[in-house]
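K.L.:
Residue numbers (my numbering), protein chains in the order written: chain A, 1 to 1015; chain B, 10001 to 10086.
Since the hints were made in silico from the structure, they are not lab data. Source: prediction; values computed, not measured. Treat the hints loosely; a few may be bogus.
[Unchecked claim] Straight-line alpha carbon distances no greater than 25 Å define the calculated DMTMM-like cross-link-like pairs of lysine to aspartate or glutamate that follow: (1) K300(A) <-> E10014(B); (2) K914(A) <-> E10048(B); (3) K866(A) <-> E766(A); (4) K193(A) <-> E10016(B); (5) K451(A) <-> D10070(B); (6) K300(A) <-> E10016(B); (7) K193(A) <-> E297(A); (8) K866(A) <-> D775(A); (9) K731(A) <-> D10046(B); (10) K451(A) <-> D10082(B).
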Amino acid sequence: MNVRNDDSPHLPARRGAVSGRGERAGELDLTGSRLTEHPSVQVPRDGLSVTLFWNGKPIVARPSDTVASALYAAGVRIFSRSVKYHRPRGLFDNQGLGSETLVTIDHEPNVRADRRRVEEGMWIEAQNAWPSVDFDLMAVNDALLPLLPNGFHYKMFHKPRWARRFFDRLIRRAAGLGTIDTAGHRTETRYEKRYRFPDICIVGAGPAGLAAARAALAHNRRVLLIDDDLQLGGHCAYSPVIVNDCDDRDLCGLSEQMAALRLIDSILGHANLEVLLQTTAVGLYEDNLVVAERGTELFKVRADSVIVATGASDRHLVFADNDRPGVMMARGVERLIGLHGVKPGRRAVVVTCHDRGYETAQMLRGAGTRVAAVVDARVKLPSIQIVSDLHNARVPIYGGETVHSANAHRTLRSVTTGDLAGLQANRTISCDLLVLAVGFKPTLGLLSMAKGPPRWHDERQIFTVDELPRGVYAAGDVNGYGSFARLYREGWEVGIAASRGQASPVSVREGSEMIMVLPADIESRGEKHFICKCMDITRAEAHRSIAEGFDQVETLKRYSNMEMGPCRGKTCYEAVARLAARDTDQGTGRPAAEPGMSSAAHSSPGRPADRTLAEVAAALFQPPCAPISLGVLAGRSRHLAPIRRTAMHDLHVQAGATFFGMGEWQCPHSYGDPQKEVQMVREGLAIIDVSTMGKWEIGGPDALALIESALPGRFGDLAVGVMRHSTICGKDGRLCGDGMISHLTAGRYYISTTTGNHSAMDSLVEWWITDRGLDVHYRNLSSVLASVHVTGQRALEFLQELVDIDLSNQAFSHLSCGQAMIANVPIRLFRTGFTGELGYDIHFPAEYGESLWHYFLERGEPHDLKPFGMEALRILMLEKGHLIPGIDTDGPAAPCAAGVGFPVGDDRAHLVGKAFLGQFEARGLDNNTVPYKLAPGAPIPPDGVVILDSGAIVGRVTCSRMSPTLGHGIGLARVAARLSAPGCHFSIRLPDGRDVEAEVLAGAAYDPDGVRLRA
Amino acid sequence: MSFLLTCPNCGRREVEEFSFRGQYRPRPAHVESFEVRANYVFFETDHEGKRLERWYHSSGCRRWFLVERDNNADPRSFWFSDLDRP
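Input sequences plus hints: build the corresponding full structure.
P.N.:
In structure tokens form, the structure reads like this:
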């Protein structure tokens, strides 16, 4: 599927016409964009051996690449267009958090390019842009409309009414992300649900998660380790920082990258460890259910303990035009270098506020990117080695500044920096890459689902979730940024606590590990300060929404759709919460202001007294905390329900039968031609496997009381050896089934019902017994007994040879039942006639299923006995006008609609549905199920089509077949009561638009007087 | 719904194994008015706090039992025969 060639029919016609405007000669220097070595991290060295296509243009990539890194290395800077303003968007976090890298791959829309490994021949298309992602005409939205406020299309285009339809179409086309593949290229995709039951489920395979897994494995626990990345190690997989003071002495002195590899080696292959990579945990529910998604699979993980080690991601910084392609997260840049060996740019500016930002700058230099400047928000620069190294390398370092705006023509050209308040711009630095290394915010999606919304932790300057339910633990960066040694220790301790079922140890962070926040918005000039990039929400729009009254973070989130895009708030939740708290003043009446940074080193002039966010909560995270396809949620879990096969199933298969599902059962549909099978029955003799019918035996002192309180009929007068038909009603008096009640031996009753509602009937009988507290013996024999039906006018003659009792009309008349022996097998024998012919139901232990079936066919050979299937039975029953409750009736059918009367003046204290049975009779019926016939030669309508009377719909066909016996079409229909009298006519609308006239019958179309039954 | 429920017969199982069949209330006597009996069949009251529910272990032992559920506490399962016991 992935291997393509030029004449592949899937390729769009405009292939080759796209010239790739963004990659004009001279704009990008691609020579040397691929690294084979780096001074501080190991980079992949595999060759360029995979070819993929970006909007029709071939691109070569390394097998270790993600689609995003392959595109980036090939010079692609604009990956997508934003949802509302159609602004160009490029690689940002490079770890699949946001919407920037959503592309369509091989007709699959909305794939995160930074989470998908490259494959040979992948066909990648940009989304949400026309004619191309590099030149998108709909970007006029950005230029012409300074502000597209929330709900703008409801507010602006609702009048005049006729215009609404036009604008709707326009808006639908402009909005949204990928397009669903309606051409059905991917119909072969199957979605499955999978289940895991580990002792401990660890979400996140960074240093904390790995250490926790190591501890749990050392305590002999079965561990499931889930990570959404393509490799283990979390942020350490590409980090050059040297490990110090780690509890595991072997790891000290190594780079974090090497330490992580060694840690992985120490646990990988352990018998008690299962690792699921590229698997995103999207929800954490009651009793420790973790729901995770991997491609087309949904995992439901039920664990004794869940360790959430989801880590942290880079903070989002809000400033003017902060969405420009070229603005990237620090970890995104480090991933490009460390994981994929891609040089991220030519000239970079690193914006930071903590020591780790300098490591990123050094890493960039190692990759051959010139660092034009490091802009540190702190006035007092740290006196550490790496800072002096940068000084010596003549990298300008500006303290007490931050970025004010990103200046771009499609992609980044320069950045303007200045003071933290955004009031005074100091300089403009030309660059093609702006790296945001302004601290980390915990990935709280899962944790917040456990008990409550994240709250501001003033000391650590992050949002945290402190209250966790029993069995849920948090470890690592999710509790706040920490060194490798800190994360390792925390993971290890939590792993031990979870293994032993103890309370979580207290999380500790030192002063050096706290990273102060920058102002939530650098309030520089410019309109477009994006808070939420996924949904294209700027600070100005948030202001407007607040002015409209949505001044709580939860309502603001719902109204403005902030945090509700593909990143599910992972990128922006902190910015949203802080700005909402600030801009809404949280109803305190006091002017709100910025916590943290501004109150510490940089008080902003002209700003009222600051207050902390201590009482401010972020919006609650809702599952799923990552985008998930509907197919995954709707995926089948067929293994959860049994597939029931009759004892004779294999013989039917050998005989060439086709099967169909009826409830849990697999029934033989036919052995070839159902019409011929019908004729077989009418002409004399045939046999059918009816083992799928429900069978129950009820005995004991209260047996009759139970049956009489459950069924509308009375059975006190039912003699031993006789059976009677009965409907079965729910407590609301509605028809839910029918069955035959047989009085087998004195006080012992046997109920058989149709196949479909076998399970429902079983629960109902169990309920009656439980509810009444009656003294009965009850056995469900549905699978214990197999049953066959021998029918036709020669049935008596044939069976009399086999059984040891007298079957003559006098001794064993219509609706008789009894016990007998066939070939030394004990059987229960019932003379019924639902085919309209003389018929015998023979029930016998299922273990004799195959041998007795063989025996019948063998002994029947001289009589020309052949099997028939359920389809023929359906036609036979139609010819007799028999309806099947639930198929030929619908939910609200009253028992009298099935032509069954019931005692109105009943004296029973207990009768299921009694209160309503009388009501139905008194009220009359709106609809009736009636048999009908068509004129000879008239086409047979399919089941379910509508019935018309003078152009109005008055009912539907429930079952419709050709009758080989009568030579014309017959069927059952549910029609309005006024049309249900015998002789009435109505027309049936065929799918091709033609109408067929039908005439209502008084009763059975075949042998209406039942002569053949009793013969 | 994704919690674990205790079947008095089989123990703690996934809630997917069970069928929920509504609240449990004493059935009105057959001499009661039609309105009372119709209300019993068609209406259920929803309220915070403890409630008594009918559950059926449909994918398990196929037994009916009662569960007392509370918005703020773990569910408690027991047989109908234990209904009147404290």
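K.L.:
Taking 25 Å as the top limit, are the C-alpha atoms of K451(A) and D10070(B) close enough?
P.N.:
17 Å, holds
K.L.:
Check the hint pairing K300(A) with E10014(B) against an upper bound of 25 Å on the C-alpha distance.
P.N.:
11 Å, holds
K.L.:
Need the status of pair K451(A), D10082(B): alpha-carbon distance at most 25 Å?
P.N.:
Violated. K451(A) to D10082(B) sits at ~34 Å, over the 25 Å cutoff.
K.L.:
Does K300(A) pair with E10016(B) here, judged by a C-alpha cut-off of 25 Å?
P.N.:
12 Å, holds
K.L.:
With a cut-off of 25 Å on the C-alpha distance, tell me whether K866(A) and E766(A) pass.
P.N.:
Distance of about 38 Å is beyond 25 Å: violated.
K.L.:
Checking one constraint from the list: CA of K731(A) to CA of D10046(B), max 25 Å. Satisfied?
P.N.:
OK: K731(A) and D10046(B) at ~21 Å, within 25 Å.
K.L.:
Does E297(A) lie within 25 Å of K193(A) when you go C-alpha to C-alpha?
P.N.:
6 Å, holds
K.L.:
Assess, step by step, whether the Cα of K914(A) is no farther than 25 Å from the Cα of E10048(B), and give holds or violated.
P.N.:
32 Å, violated
K.L.:
Taking only the CA atoms, is the gap from K866(A) to D775(A) under or equal to 25 Å?
P.N.:
Since the Cα atoms of K866(A) and D775(A) sit roughly 44 Å apart, the hinted pair is violated (cutoff 25 Å).
K.L.:
Going straight from one Cα to the other, do K193(A) and E10016(B) come out at no more than 25 Å?
P.N.:
Distance ~13 Å between K193(A) and E10016(B) Cα, so the pair holds.
Taken one by one, the earlier hints fail for this structure at numbers 2, 3, 8 and 10, listed in ascending order.
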